[in-house]
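There are 2 protein chains.
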Amino acid sequence: MDTARTPPTPIVTLCGGVGAARFLRGLVRVIDPREITAIVNTGDDRVFYGVHVSPDLDIVTYTLAGRVDARRGYGLEGDTYEIVDALGALGHECWFRLGDRDFANSQHRTLRLREGAGLSRVAEELRKHYGVTTRILPMSEDPCATIVELEGGRRVHFEEYLARDGAPDEVTAVDLGEARRARPGPGVLDALRDAQTILFCPSNPIVSIGPILAMPDVRAAVRRSRAPVVAISPIVGGAPVKGPADRLMRGVGVEVSARGVAELYRGLIDAFVIDERDADLAADIEAMGIRTRVLDTIMGDVGVAQHLAEAALSLAASLR
Amino acid sequence: MDTARTPPTPIVTLCGGVGAARFLRGLVRVIDPREITAIVNTGDDRVFYGVHVSPDLDIVTYTLAGRVDARRGYGLEGDTYEIVDALGALGHECWFRLGDRDFANSQHRTLRLREGAGLSRVAEELRKHYGVTTRILPMSEDPCATIVELEGGRRVHFEEYLARDGAPDEVTAVDLGEARRARPGPGVLDALRDAQTILFCPSNPIVSIGPILAMPDVRAAVRRSRAPVVAISPIVGGAPVKGPADRLMRGVGVEVSARGVAELYRGLIDAFVIDERDADLAADIEAMGIRTRVLDTIMGDVGVAQHLAEAALSLAASLR
Numbered sequence: 004m005d006t007a008r009t010p011p012t013p014i015v016t017l018c019g020g021v022g023a024a025r026f027l028r029g030l031v032r033v034i035d036p037r038e039i040t041a042i043v044n045t046g047d048d049r050v051f052y053g054v055h056v057s058p059d060l061d062i063v064t065y066t067l068a069g070r071v072d073a074r075r076g077y078g079l080e081g082d083t084y085e086i087v088d089a090l091g092a093l094g095h096e097c098w099f100r101l102g103d104r105d106f107a108n109s110q111h112r113t114l115r116l117r118e119g120a121g122l123s124r125v126a127e128e129l130r131k132h133y134g135v136t137t138r139i140l141p142m143s144e145d146p147c148a149t150i151v152e153l154e155g156g157r158r159v160h161f162e163e164y165l166a167r168d169g170a171p172d173e174v175t176a177v178d179l180g181e182a183r184r185a186r187p188g189p190g191v192l193d194a195l196r197d198a199q200t201i202l203f204c205p206s207n208p209i210v211s212i213g214p215i216l217a218m219p220d221v222r223a224a225v226r227r228s229r230a231p232v233v234a235i236s237p238i239v240g241g242a243p244v245k246g247p248a249d250r251l252m253r254g255v256g257v258e259v260s261a262r263g264v265a266e267l268y269r270g271l272i273d274a275f276v277i278d279e280r281d282a283d284l285a286a287d288i289e290a291m292g293i294r295t296r297v298l299d300t301i302m303g304d305v306g307v308a309q310h311l312a313e314a315a316l317s318l319a320a321s322l323r
Numbered sequence: 004m005d006t007a008r009t010p011p012t013p014i015v016t017l018c019g020g021v022g023a024a025r026f027l028r029g030l031v032r033v034i035d036p037r038e039i040t041a042i043v044n045t046g047d048d049r050v051f052y053g054v055h056v057s058p059d060l061d062i063v064t065y066t067l068a069g070r071v072d073a074r075r076g077y078g079l080e081g082d083t084y085e086i087v088d089a090l091g092a093l094g095h096e097c098w099f100r101l102g103d104r105d106f107a108n109s110q111h112r113t114l115r116l117r118e119g120a121g122l123s124r125v126a127e128e129l130r131k132h133y134g135v136t137t138r139i140l141p142m143s144e145d146p147c148a149t150i151v152e153l154e155g156g157r158r159v160h161f162e163e164y165l166a167r168d169g170a171p172d173e174v175t176a177v178d179l180g181e182a183r184r185a186r187p188g189p190g191v192l193d194a195l196r197d198a199q200t201i202l203f204c205p206s207n208p209i210v211s212i213g214p215i216l217a218m219p220d221v222r223a224a225v226r227r228s229r230a231p232v233v234a235i236s237p238i239v240g241g242a243p244v245k246g247p248a249d250r251l252m253r254g255v256g257v258e259v260s261a262r263g264v265a266e267l268y269r270g271l272i273d274a275f276v277i278d279e280r281d282a283d284l285a286a287d288i289e290a291m292g293i294r295t296r297v298l299d300t301i302m303g304d305v306g307v308a309q310h311l312a313e314a315a316l317s318l319a320a321s322l323r
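The listed protein sequences derive, respectively, from chains A and B.
First residue of the first sequence? That's 4 in our numbering, and the numbers climb one at a time after it.
First residue of the second sequence? That's 4 in our numbering, and the numbers climb one at a time after it.
Hints may be right or wrong, so weigh each one.
Identical chains blur together in the list; that is why a pair holds if it fits in one copy or across any two.
As the list claims (entries may be wrong) - In silico DMTMM-like links for lysine to aspartate or glutamate, alpha-carbon gap of 20 Å or less: (1) Lys131 / Glu163; (2) Lys245 / Glu258; (3) Lys245 / Asp88; (4) Lys131 / Asp88; (5) Lys131 / Glu80; (6) Lys131 / Asp283; (7) Lys245 / Asp172; (8) Lys245 / Glu163; (9) Lys245 / Asp281.
It is worth saying that the hints were derived from the structure and are not from the lab.
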């Protein structure tokens, strides 16, 4: 099971968690799931309760398997919480609500990593276990912790910022230093080199797509690619669809808008799908040399996600 | 929470798992539980699924808390098995059926050990968590794995022998080498030195009481003690009440009888409680210089356990 040797796929997506996973559920309705590679952020990875948790890898896997807790967008549907509750009662911090079967998967990952299997191989084991045929590649097997810096100089892991502290407003910077020094995971550069279309999923541009693009080789591979590169905006009407992207973008001095996201991706993407509520920004984005398509991007159901995927692919086709 | 500093108790018991725990449930009806110290075998400890499991410590704790799965004699009542089932489905060996809340306790132990807390401190945390007031001391904080040697030279950990292989007959030896080299855990020697009564619970003499007595300092402390030392036989009518003691005793060349157990304890105990079905062995055991008391020892309910505890204590009192 050498992930680097599985054949490259025509479609390569850069992914965070919930937004990316919802988009992928639409994409796999439009194109054979086996023709898609998901390169997934590992900047949120962290050890909780002694087990290695990969939030975005798991969200993508569970969602593509149709097993995700749909209400929350993460975790497994119908999971129980015996372990975290018991550990909480024994005095352990338990703000990260990891379900029991989710815990088992992370324990599997931990045991396999300890045995010397790489994160990519474990991702492959889990996606096969869940019957997912889309290729799921961790962006890197190196430590890539995303650190959020807060007013007063406090530095916290992204999951501490998000899940423990409730994503407060006082972000002053986001430190992607580990991702910048990380090597891309097995298969990542090959996938990008051979891609016929590259999609940036509607994920947080700072802490989800940001860490992937922080790896210099990945950034260069995207820039060098002759495949059309299309992004989907995660910002609608000046606010993120989900999550704390607004606080993080503001914290690093980027305008909280589809235009702000376009600025971040400038030089890397050829086209950008933005929401109809942001139609007035299209001209500014076009002026950056980015082809723009205006659409309903709020993926309330999988039909919208499918429509969004179709639009992104047809936009890519028009650029070829 | 320095276990070595909690005050010594008048009653000190040497304990394995199920048999010892059932006896202790009777003992705590006769005497204030805070006046009892349980020195517990750790020869069965092993890492399962990446977590440090201490079977006998947990059985004693859960039983004294009234939380044990009464049918099995181990594990927690009403526990679920999400974690082991999920790990099994991912290809891990899952013959050791650890419940989810049981798993959480072992994960707590693992995390605390990794932080540098000793096994004794963790045992103290767990007994307090479960509201148990009897002092529970691991026999040692050092590795003490009991190894069973089988025909053909195969060497397996005791839990592999028992839970995985179903306790086969072809035992040729039991290797307590690790226990022999282990240092007694914090508080163990003090407890024995200050004991007014020492009781050997009706546990497997080879693999439960055996490892505790294999530590030279413990053996010397028992021998040196001026307190009466009373054992309760785990063998009734030539067979163990529970577990594979017969195969292990036979394997190491000891007669499978209360007399065989008395031979093992000779020089260490002053008195021995045997079952009424073994009344004909009393004379032989008395001839070893061991005062013998004949009684119903099958602890079908806690009333019998209480009666047994009363008998053991009155026998001890008569020796003072």
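Hint check results:
1. Lys131 / Glu163: Close neither inside one copy (30 Å) nor across copies (30 Å); limit 20 Å.
2. Lys245 / Glu258: Only inside one copy: Lys245 and Glu258 sit 17 Å apart there, 71 Å across copies, limit 20 Å.
3. Lys245 / Asp88: neither (27 Å within a copy, 34 Å between copies)
4. Lys131 / Asp88: Intra 29 Å, inter 17 Å, cutoff 20 Å: inter-copy only.
5. Lys131 / Glu80: within (18 Å within a copy, 34 Å between copies)
6. Lys131 / Asp283: neither (44 Å within a copy, 64 Å between copies)
7. Lys245 / Asp172: within (15 Å within a copy, 62 Å between copies)
8. Lys245 / Glu163: The answer is within: 17 Å in one copy meets 20 Å, while 49 Å across copies does not.
9. Lys245 / Asp281: within (17 Å within a copy, 74 Å between copies)
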